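If you want the building blocks of each chain, they are given just below.
Number of protein chains: 2
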Amino acid sequence: MERSPDFSRRRLIATGPGALAIVGLTGAPRVAAQAAAPVAPAQAKPLPAYVAWKDADSLIVHTPTTIETKRTALGSSGITPTERLFIRNNLPAPDVSIVANRDAWQLAVDGVRQPRTLTVAELKTLGLESIPAVLQCSGNGRSYFPSKPAGTRWGVGAAGCVIWSGVPLQAVVEALGGPVAGMRFITGTGGEKLPDGIDPRTVIVERSVPMTALQDALLAWEVNGEPLPHAHGGPLRLIVPGYSGVNNIKYVKRVAFTRDETDAAIQRTGYRMSPPGTKGDPSFPAVWEMGPKSWINSPAAEAGPTKAGWVQVHGVAMGGMQAPRRVEVSLDGGKTWRDAGLIGANLGRYAWRPFVLQTQLKPGTYTIASRVTDSQGNVQAEASPDNAGGYLNSGWRAHATQITVA
Amino acid sequence: MERSPDFSRRRLIATGPGALAIVGLTGAPRVAAQAAAPVAPAQAKPLPAYVAWKDADSLIVHTPTTIETKRTALGSSGITPTERLFIRNNLPAPDVSIVANRDAWQLAVDGVRQPRTLTVAELKTLGLESIPAVLQCSGNGRSYFPSKPAGTRWGVGAAGCVIWSGVPLQAVVEALGGPVAGMRFITGTGGEKLPDGIDPRTVIVERSVPMTALQDALLAWEVNGEPLPHAHGGPLRLIVPGYSGVNNIKYVKRVAFTRDETDAAIQRTGYRMSPPGTKGDPSFPAVWEMGPKSWINSPAAEAGPTKAGWVQVHGVAMGGMQAPRRVEVSLDGGKTWRDAGLIGANLGRYAWRPFVLQTQLKPGTYTIASRVTDSQGNVQAEASPDNAGGYLNSGWRAHATQITVA
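First to last, the protein sequences are chains C and W.
Take 34 as the starting number for the first sequence in the numbering used here and just add one per residue.
Take 34 as the starting number for the second sequence in the numbering used here and just add one per residue.
I should point out that these hints are in silico values taken from the structure, not numbers from a laboratory.
All figures in this text were calculated on a predicted structure; none of them were measured in a lab.
Glycine included, every Cβ here is placed at the ideal spot set by N, Cα and C.
Errors might be hidden in some of the hints.
The following label-pair restraints were derived from C-beta to C-beta distances [said to hold, decoys possible]:
(1) W/Thr150 / C/Lys395: 56 to 66 Å
(2) C/Arg359 / W/Pro396: 49 to 59 Å
(3) W/Ala85 / C/Leu80: 31 to 41 Å
Some, not all, of what chain W presents toward chain C, calculated at C-beta under 7 Å [claimed, not checked]:
(4) Thr105
(5) Gly108
(6) Ser109
(7) Asn257
(8) Trp343
(9) Gly381
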């Protein structure tokens with residue numbers, strides 16, 4: 034997979050629809066965003082105009098399309114305010130005019146007995162549900178992999194827990210007669226405008242997830258109580274709770290029940306769990322479900338030295354597909370563990386939950402780590418398998434942080 | 034109780050510390066904000082500068098210190114974004130400079146075995162909890178009372194459900210040796226700067242709540258994952274979950290365990306459930322716990338006519354002190370009822386929860402109402418007792434709304 038370290042070119046690709054032509058000129062990158070996202074140091078860059086409404090102090094701007102939440106800005110309330118939620122786009126967004134009349138946005142539904150196109154206004158007559166869920170970039174934690182995979186060097190903050198509201202995909206499918214027999218995948222297609230002159234399959238944002246995801250999938254028009262912002266996929270986004278970011282299709286314009294996975298590059302070769310240095314292909318597992326993961330948000334080195342004495346060590350813990358049940362915290366890099374307490378409300382199987390351990394710390398240096406167990410007994414791994422794309426890193430050892438107590 | 038309809042005077046009182054002197058000049062209103070808040074029509078006024086960061090399109094500005102969330106802006110996610118949360122202040126706020134160094138804010142704790150003053154930084158070492166809870170102005174729904182009580186004519190939107198994070202008051206009290214024996218109330222004092230020349234007790238924001246509230250009371254520095262905004266009481270607010278707005282002391286500078294209720298006017302004569310036309314006094318119940326209440330957010334007349342056909346009738350339901358268990362919806366003004374479905378996560382006993390009823394509506398006019406039953410079997414009343422202050426209106430009949438289906 035080609036990955037250019039040319040920062041100015043990356044900027045061009047990232048900054049707007051006009052720049053799309055550049056992608057065409059450079060040939061046919063299999064996954065445009067992969068090609069366009071080499072190691073980017075976390076410098077203090079201003080927020081790009083399209084997300085000027087976000088809370089700049091809470092965010093790290095890697096590039097205009099890769100913006101991370103600071104560890105210390107993840108809070109202890111369990112829900113991530115939209116102003117602090119990370120941004121990661123695979124292609125330049127469609128024109129912002131699509132949110133001028135949200136109810137007019139159209140979704141084609143195929144692979145059902147009565148395929149048809151519905152407006153958001155029509156979708157709003159079919160059902161209403163609300164689901165708290167972690168939204169996490171597939172590459173969150175990439176910077177902690179030993180093989181140093183190319184791509185945005187996310188720490189912990191390409192993740193947030195938000196509440197999505199919209200219509201259950203199941204309700205829409207039922208209204209259209211149900212899926213055609215024999216379908217095995219739900220394939221969602223994003224409405225990004227594609228560059229001219231290159232094969233759409235090489236860049237289109239189109240993902241397939243197993244039919245089992247139909248159970249809780251949502252066509253969302255609202256996040257955290259507000260109309261879904263354009264930067265996060267408004268007017269309509271396909272939410273597949275428990276699945277990593279890329280599977281949650283922004284500006285979704287088509288949902289199809291399909292016999293096979295899409296042959297879009299982003300599915301066929303991109304977002305595959307292939308060993309470091311190899312190219313992805315369909316023989317490797319797709320990046321789909323997230324697993325148990327937790328990390329410490331405070332104390333954090335980025336906030337400076339911690340004062341000796343009583344300290345509330347807190348962070349967030351998710352099960353991925355199951356609610357967290359138990360969190361342990363280590364202050365000595367994993368040699369010994371103590372049970373932390375879960376706080377706040379249990380927001381369900383797809384949400385994360387804040388945890389806290391009250392302890393006394395003497396001056397010194399500590400390596401603090403956390404380890405979650407979900408409601409099914411699945412324990413956060415000590416190390417996640419390193420892989421070429423740097424995906425799904427949830428290893429507790431790699432996520433441990435060092436703090437100084439003075 | 035004197036209530037001046039002079040709008041320009043009300044504006045002066047409301048707009049800044051300099052205007053405080055005006056209060057002094059006018060004599061000694063028992064509860065300044067009561068005196069200063071007669072009927073205010075919901076005109077389209079701009080947001081005042083101190084809350085310019087709020088979402089103007091979601092809000093109705095009654096006065097600069099009384100700002101309501103539109104019914105259609107309450108969303109279906111269960112949590113109210115802070116940008117949409119209502120505002121109601123009893124006195125002009127302390128200078129905004131108090132949030133420049135949040136950790137330095139000081140809280141005096143009295144009526145405990147080891148009384149002392151703690152900074153927010155110190156409070157942060159004592160514990161951490163997170164509680165979703167409805168924040169509702171005591172006068173929310175006032176405009177629906179038949180006696181037309183004076184005061185801001187709130188509809189449904191002087192309420193929101195948010196997540197507070199901070200230290201449990203119980204943890205602070207335990208660290209200070211526990212309450213002195215015989216104390217029956219928790220008395221919180223706000224840090225508003227008081228006008229010179231008048232008896233502080235006539236205007237000070239100081240409230241007493243029963244000791245039973247200690248169980249879940251929180252000293253909060255965060256709301257919805259962000260540092261508590263100054264406009265909502267930052268750097269520190271006493272949260273008494275389940276109790277109406279006035280009991281949740283902004284800029285809290287003192288918490289004391291006391292044998293008796295404070296004799297501040299806002300407690301002694303203000304916020305009492307006295308009959309229409311009477312003055313409050315301690316013989317009438319204080320405005321404390323909230324009860325079961327629900328209302329419809331959509332369809333709503335403010336959004337224009339509803340299209341005939343399938344409709345998702347949705348709203349929010351709270352138990353006050355207990356989680357909602359059941360919601361019924363009526364489309365004929367309370368003659369017949371149908372069970373609605375609760376959606377989203379159960380955020381606990383103090384939160385509200387969205388509900389939805391899917392139905393088909395033919396063209397016509399409908400009076401739609403909702404009625405909640407909490408987990409203890411308490412049912413939302415058909416009518417709340419009318420009272421002089423217009424407090425705690427939760428009657429389902431008064432909250433019914435008329436819509437047109439075309």
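Interface hint outcome for threonine 105 of chain W [beta carbon to chain C under 7 Å]: violated, 11 Å
Cβ separation of alanine 85 of chain W and leucine 80 of chain C, checked against the hinted range 31 to 41 Å: Taking Cβ atoms as reference, alanine 85 of chain W and leucine 80 of chain C lie about 18 Å apart, which means the hint is violated.
Per-residue hint verdict: serine 109 of chain W, partner chain C, C-beta under 7 Å: This hint holds: serine 109 of chain W lies near chain C, its Cβ roughly 5 Å from the closest one there, short of 7 Å.
CB-CB spacing for lysine 395 of chain C and threonine 150 of chain W relative to the 56 to 66 Å hint: For threonine 150 of chain W and lysine 395 of chain C the Cβ distance comes to about 26 Å; the hint is violated.
Cut-off 7 Å, beta-carbon criterion: hint that asparagine 257 of chain W touches chain C: Since the shortest Cβ distance to chain C is 6 Å, the answer is holds.
Outcome for the supplied range 49 to 59 Å, where the beta carbon pair is arginine 359 of chain C and proline 396 of chain W: Holds, at about 55 Å.
Hint check: 7 Å Cβ-Cβ cutoff, glycine 108 of chain W to chain C: holds, 4 Å
Cut-off 7 Å, beta-carbon criterion: hint that tryptophan 343 of chain W touches chain C: holds, 4 Å
Cut-off 7 Å, beta-carbon criterion: hint that glycine 381 of chain W touches chain C: holds, 5 Å
In this structure, the hints that do not hold are numbers 1, 3, 4, in rising order.
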